[in-house]
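Trainee: Listed below, chain by chain, are the residues.
Number of protein chains: 2
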Amino acid sequence: MEEDMLDINFDNFRQDRIGEEGLGEFDLDAIAKLIPAAHEKFQQWRTSGDAIFYDLAGSKDISPEIFEVAANTAENFENLVVLGIGGSALGLRCAAQALLPPFWNMLSGEERKGKPRLFVCDNIDPDTFSALMRFIDVKKTCFTVISKSGKTIETASQFFIVLEKLKQKLGDDWRKNLIFITDPTAGELRPMVKAHGITSFAIPPKLGGRFSVLSPVGLFPAACCGIDINALIGGAKDMADRCAKPDIQENPAYAIGSFHYWFDAKKNKNISVMMPYSDALLLASDWYSQLWAESLGKSGRGQTPVKAQGATDQHSQVQLYMEGPNDKVFNFLRVEKFNFPSTETKIKNPSSAFSYLDGIDLGTILNAEQRATEGALTQAKRPSLTISFPKVDAHHLGEFFMLYEIATAIAGAHYGIDPFDQPGVELGKKLTKEILEARL
Amino acid sequence: MEEDMLDINFDNFRQDRIGEEGLGEFDLDAIAKLIPAAHEKFQQWRTSGDAIFYDLAGSKDISPEIFEVAANTAENFENLVVLGIGGSALGLRCAAQALLPPFWNMLSGEERKGKPRLFVCDNIDPDTFSALMRFIDVKKTCFTVISKSGKTIETASQFFIVLEKLKQKLGDDWRKNLIFITDPTAGELRPMVKAHGITSFAIPPKLGGRFSVLSPVGLFPAACCGIDINALIGGAKDMADRCAKPDIQENPAYAIGSFHYWFDAKKNKNISVMMPYSDALLLASDWYSQLWAESLGKSGRGQTPVKAQGATDQHSQVQLYMEGPNDKVFNFLRVEKFNFPSTETKIKNPSSAFSYLDGIDLGTILNAEQRATEGALTQAKRPSLTISFPKVDAHHLGEFFMLYEIATAIAGAHYGIDPFDQPGVELGKKLTKEILEARL
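In order, the protein sequences belong to chains F and A.
Under our numbering, the first sequence has 176 at position 176, and the numbering climbs by one with no breaks.
Under our numbering, the second sequence has 262 at position 262, and the numbering climbs by one with no breaks.
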């Protein structure tokens with residue numbers, strides 16, 4: 001493994017670390033026997049186009065139009081407001097949290113290097129939406145509407161409100177403040193593109209929202225804010241290459257997907273916790289939660305993903321993790337090198353009770369806490385894997401996205417379900433429409 | 001029930017709604033039989049002082065000093081930075097999210113009515129902390145350090161860094177920018193109060209962090225930002241009164257605690273989802289998650305709390321909730337009346353595919369989605385309760401806090417564990433210290 005790649009460590013899954021609850025020789029042999037069929041299924045999904053996410057990291061370069069429009073958008077607008085929900089929002093939110101400086105929207109234009117502030121409207125709470133509309137100058141705002149089908153009720157609702165405002169404020173120029181990211185030919189938004197000449201990017205028709213971060217859905221808004229999307233794609237490609245072989249020892253994505261499946265199916269771990277020890281990676285757990293839940297929660301199967309934050313949730317969830325039911329698999333994320341100089345958080349003159357902190361910086365303490373929590377859970381016989389980011393940058397985030405996307409597909413193959421559909425959300429949509437049509 | 005109180009509806013727990021998985025006559029009889037012992041245990045905890053949270057909502061008025069110091073703080077400082085983690089932060093974060101206008105920290109001083117911006121440092125991520133220290137003017141910042149014991153490594157570390165900065169910038173006046181909220185006599189912080197005349201508030205010694213939001217821990221910073229803390233306490237008192245009787249039919253807190261326990265212990269629901277359909281109430285699920293996990297996750301027992309956001313997570317988690325394992329109890333929060341005028345989010349001229357949205361506002365859609373998701377889960381035989389907030393204000397939030405605090409105590413009594421300790425976090429603390437002392 002190259003030094004500058006994500007390090008993925010499964011040692012605390014092993015029986016010699018956590019006893020009977022762990023993976024022993026029997027388990028590893030049994031899992032290895034499942035791999036060929038899962039691999040074949042994955043190849044079928046690639047052929048059928050269901051697993052098209054894999055090829056987003058492929059040889060094709062990113063369309064130059066994305067860079068051009070992103071540069072124009074950054075030049076012409078103060079704010080980028082993304083209207084999108086679920087898979088149309090989470091990958092971008094995760095990338096923005098990871099790769100933009102903290103307090104981005106509170107920084108000056110100069111500090112943001114002329115890039116726009118970013119607001120991702122992934123809910124329809126009326127107070128938040130009203131406050132945002134009062135807060136921004138819509139004339140100076142680019143609204144990027146993301147919905148493959150154009151049928152997403154939340155995004156459509158926001159769009160109709162915004163459209164009226166744009167027409168009010170800008171007259172015939174309303175279209176200049178809109179960008180659509182949608183199906184290349186079908187759906188409710190595409191006809192508007194043609195009728196009004198609205199700038200647009202295409203979402204590959206077979207690409208599901210939760211696998212779309214490396215498509216224009218995530219890439220275009222990220223590029224507007226100055227994120228290095230070439231590095232994001234490059235990292236994803238490196239991970240795809242690293243995960244090509246159907247071998248659990250050498251393919252970390254297959255290992256993650258297969259081990260999680262095994263812990264759920266054979267060891268009663270129906271919960272999977274993602275706990276980043278890094279504020280930058282905080283929303284990686286939200287992104288993962290959608291990916292895991294919506295892909296695998298079917299036919300009465302599927303682990304429930306849980307978001308946790310290190311070190312914060314040591315003071316909230318870790319009591320349960322240590323002494324509650326042994327029903328969880330833990331995914332730790334840690335960062336070896338932070339962005340700001342460590343001197344800025346170095347402790348001097350601590351009180352005598354904390355003399356051991358003298359000269360230590362916050363990053364060192366945070367990482368010690370990660371090791372300590374991992375160690376404590378291991379002593380309590382709870383399985384965990386740990387992923388180390390050499391640092392949080394676009395390349396490593398790209399690796400992370402691809403790692404868990406492949407892992408999800410492989411887990412889906414093991415469960416014998418289709419990880420690319422989401423039939424369970426239809427009833428709710430139907431009932432919503434009925435309630436609103438009846439004006440109940 | 002008075003009209004302006006929280007409405008708490010358990011109908012979707014019943015067998016006539018969700019079949020065998022629900023609560024039938026047998027279950028309700030069995031639960032009713034458990035109530036007297038649980039009630040007695042709760043009374044014992046009140047007598048011993050363990051359940052002192054209950055009496056925070058009692059007859060005593062809030063100390064006038066809190067109002068005075070809060071007014072001075074708001075007058076003299078641009079920023080309020082709270083250094084605290086876990087229970088020292090979550091209640092405040094929840095209250096601030098619920099009760100301050102959206103985008104609080106981005107509003108002008110005038111729009112904030114002269115109240116300070118609020119930053120709650122509840123993690124030690126070095127990049128966030130460095131960025132914050134660069135962003136604020138420490139001279140214009142009041143740092144409120146919250147730790148009962150003063151031994152919390154994260155809070156202490158932040159404090160030492162801040163202390164050096166204050167001394168650098170302010171010389172002998174450093175103490176004027178500090179407020180401590182800590183044990184009245186013991187701990188690492190109290191001696192500094194005495195030695196340097198630092199303004200301080202006392203945390204009742206027996207009060208655990210996760211039950212402390214209605215003590216100075218939550219009240220003082222909330223008051224600084226202009227939150228009506230009298231109403232918060234008043235709401236809590238109303239709920240305490242409403243939950244006085246040991247009767248599952250009339251006491252919603254006892255019902256929540258007892259039903260959750262029963263679903264976990266007898267119906268294999270080891271997960272409890274809190275899903276607010278309101279951005280203002282988003283962190284209510286974080287606050288609940290700490291309360292539930294740290295209080296009840298012991299002796300191999302305890303449900304795992306899961307945070308979800310309505311409507312957003314319909315596009316992320318609901319697939320799993322509908323078709324995954326039937327291993328969850330759902331807690332929905334909804335809001336009947338939002339703060340901003342509904343006209344601001346009213347939809348006009350929707351496309352023909354969405355003609356049924358014409359004239360409807362976002363709040364109506366959001367609430368329809370809540371009903372739809374609740375209805376869909378009921379059809380899928382998944383148990384849920386729904387709490388309706390007439391609106392999100394300090395009074396109703398106070399009700400909510402007390403409701404779940406009592407519910408947690410009662411659940412603890414049913415589990416036969418002590419809901420007020422957290423022995424499981426000690427090993428991690430010990431290992432952290434060892435790692436740092438060895439400078440590994």
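It should be emphasised that the hints constitute simulated quantities derived from the structure, not laboratory data.
There's no promise every hint is true.
As the list claims (entries may be wrong) - From the structure, some residues in chain A lie toward chain F, with a derived Cβ separation under 8 Å:
#1 Phe26
#2 Asp127
#3 Phe135
#4 Ala231
#5 Gly234
#6 Lys237
Note that beta-carbon positions come from the ideal geometry of N, C-alpha and C, so glycine has one too.
Trainee: Taking the hints in turn, state whether each one holds.
Mentor: We went through each hint and held it up to the structure:
no.	hint	result
1	Phe26	25 Å, violated
2	Asp127	5 Å, holds
3	Phe135	6 Å, holds
4	Ala231	18 Å, violated
5	Gly234	23 Å, violated
6	Lys237	26 Å, violated
Hints 1, 4, 5, 6 from the list above are not met by this structure, while the remaining hints are.
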